[in-house]
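Can you make the complete structure from the sequences, with help from the hints?
Just so you know, the sequences run in chain order W and G.
Position 233 of the first sequence, counting from 1, maps to 233 under full-length UniProt numbering, and the rest follow consecutively.
Position 224 of the second sequence, counting from 1, maps to 224 under full-length UniProt numbering, and the rest follow consecutively.
No lab work stands behind these hints, which were simulated from the structure alone.
Mixed in with the good hints, there may be bad ones.
Here are some chain G residues pointing at chain W (derived, C-beta under 8 Å) [to be verified]:
#1 D194
#2 G203
#3 A204
#4 V213
Just so it is clear, the structure is predicted and the values come from calculations on it, not from any experiment.
Each residue gets a CB set at the ideal place from its N, CA and C atoms; glycine is no exception.
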Amino acid sequence: MGESGKKAAATTLIKIEGLYKLFGNNPKKYMPLVHEGKSKDEILAETGHTLGLKDINLTINKGEIFVIMGLSGSGKSTLIRHFNRLIDPTEGVIEVEGTDVMKLGPKELEQFRRHKMSMVFQRFGLLPHKSVVDNVAYGLSIQGVSKAESKAKATEWLATVGLAGYEEQYPAQLSGGQQQRVGLARALCTDAEILLMDEAFSALDPLIRSEMQDQLIELQEKLHKTIIFITHDLDEALRIGDRIAILKDGEMVQQGEPEDILLNPADAYVEAFVRDVNRARALTVETVMKAPASRITADTIEEALKQMKGFKGDYGYHINDEGYQGVLTEETLQAAFEDDKKADLDSLQYEDLDAISQDAVLETVIPETLNAEYSLPVIDEEGQMTGQLSRQTLAEVLGNDDTSEDTAEEQKKS
Amino acid sequence: MADASWLSEIPQLSRGSLRDIRKFLDTEYRDFSREYGEMIEGFFDPLLTFLVWFEKLLLATPWWLVIAIIAGLAYLSSRSWKLSLGVVISFFMIGYFGMWDNTMRTMSIILVCTFMAIALGVPIGIAMARSDRVQSVVTPLLDIMQTMPAFVYLIPVVMLLGIGKIPGVIAVIIYAIPPVIRLTNLGIRLVDKDVLEAATAYGASSMQRLVGVQLPLAMPTIMAGINQTIMMALSMVVIASMIGVKGLGQPVLKSITNQYFTLGLLNGLAIVALAIIFDRVSQAYAKRSQRYLGGMDNG
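Set out below in structure tokens:
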């Protein structure tokens, strides 16, 4: 997922600048207070207005899954409703493909919602009096597409999400997971480029949720939509997000790629979040490996021994033009040196050690790393060695180091 | 002493000024009704023509055809043989006891009143649901309409339009329209906000939301309002008969003044039979229109 996102990261699709939302009867009047930097609680006490969002700046690229994460009350659902103006901001700019959404008149806004964006809701928001297929076709029927055409398309999308045969059922007859599949099919059926997903999977039980996440990722590989995904679950965010933004009390705390957030949390709040994440499942080898050391690039044993003198350990990874070959110990080299110092390295007996892929999820390489006598060599798709992973590194990454935990705890107390 | 009399007795207008006020309002209204009475009557002429035509139609249709049509409608809306059979038996008994013509007259006026109440009440209810201001104006009006004794608003109506069908219809509508207005308003306001938001997010216009989401989802509540409206219209039949509306109410009125117990009871039972039939049929229809809520409820 991360890969496809990075490749498409060239064009900005959505831009949000200086977005503020103050809830209340007369928000404009009290905006100066917000700009003075008063806190949410102070503003509520003084004016009875609730600060929903404060100075949000975002750019979302075409084709990526952008996850907005935060606990309840952090303003994430408010933020997503600004993209299609279900909520109007008090201040700020929302641009989609260069058009200022705030400048659209009512009719233009309707057209914009019909064609540019579609939305999936936490509580599904299906029409209970319409059959499943009519629900999926809803977006098209709003656009005025003929009944036959929209029905045909809806049937297709229902099949794509795995609900073929349920066309004539009513939403109340489906399970929660099935209802949300209908919600997803409805969103995809309009062919809108941007998909807004407001805690779309939060109401589902864990097993169904991870099934739906897989399905979304699978669909995204085919469709390359721009998806804005809201969640309160960091595991979910890390799993599907190309980039993640973390909100707290209406403010943006950190924005970045999943690994950034996991490995360099911006503050104690993010750190507290990150602590409970299953890192072994969230991180790939590439993000934690060390730069490759102990590389033997020589052709002959004599040269190889010379190189090894410079290494810390008593072994090295043999690399040639075709990439990683195997592990050689000093012992083997010494023994061979006594036989024939000019001999080719390839003829030697390698230690039994397979390389691991840099794209592998940490969880999958834990046993190999723990069992190996040496640091495991990491290779890329072409077989070139790009790094190495030691037991120690693995332990450091997976274990919570004590220092950070202490500071987080202190922050919590204060 | 005289100065402190307001302590023991409530301050009152003097008889003279009270009489002047009454006189003033009465003459003003009489002048108004003399001036505009005919114009307003003319305004209601199409309704009167329709009412007369409908009553004649019901009376002219052979009894077995009327029973067959009503039983057929009952079956279509409820899919229940029992209810349809009940309809056939009740109407046959009504005819057997000599109340057929009056029942047809009552039915025609009830159906027209209900139709008018729906045609007026649903749009008013929609307007109330869409604007809090409209709601705050209409709600006290509805309170007045429901609690003001019917005789009180019958007086100006009769002064204006005389005795006959139209004042009867107006009185029945005023009395019976509040439930359909109130429940249309309530039903639309209770529509699930999530569903409405979804419709908005897909770019539904205000009209598309009303017709495609709000009205269908409010329909069970609106149907309950219509049901109540029909019941209230029926309960006005006797009072309407006092201003010359023909039908089952007139024999009842006659039996009150002459103490004809059996005549009163029979006609009263005929009204009850009509009420039960209308109620069961409209409820069965409302229930059947919500079949989609059946099955498992996974919320």
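Against the structure, the hints:
{"no.": "1", "hint": "D194", "in the structure": "holds (5 Å)"}
{"no.": "2", "hint": "G203", "in the structure": "holds (3 Å)"}
{"no.": "3", "hint": "A204", "in the structure": "holds (5 Å)"}
{"no.": "4", "hint": "V213", "in the structure": "holds (6 Å)"}
Violated hints for the displayed structure: none, as all numbered hints are satisfied.
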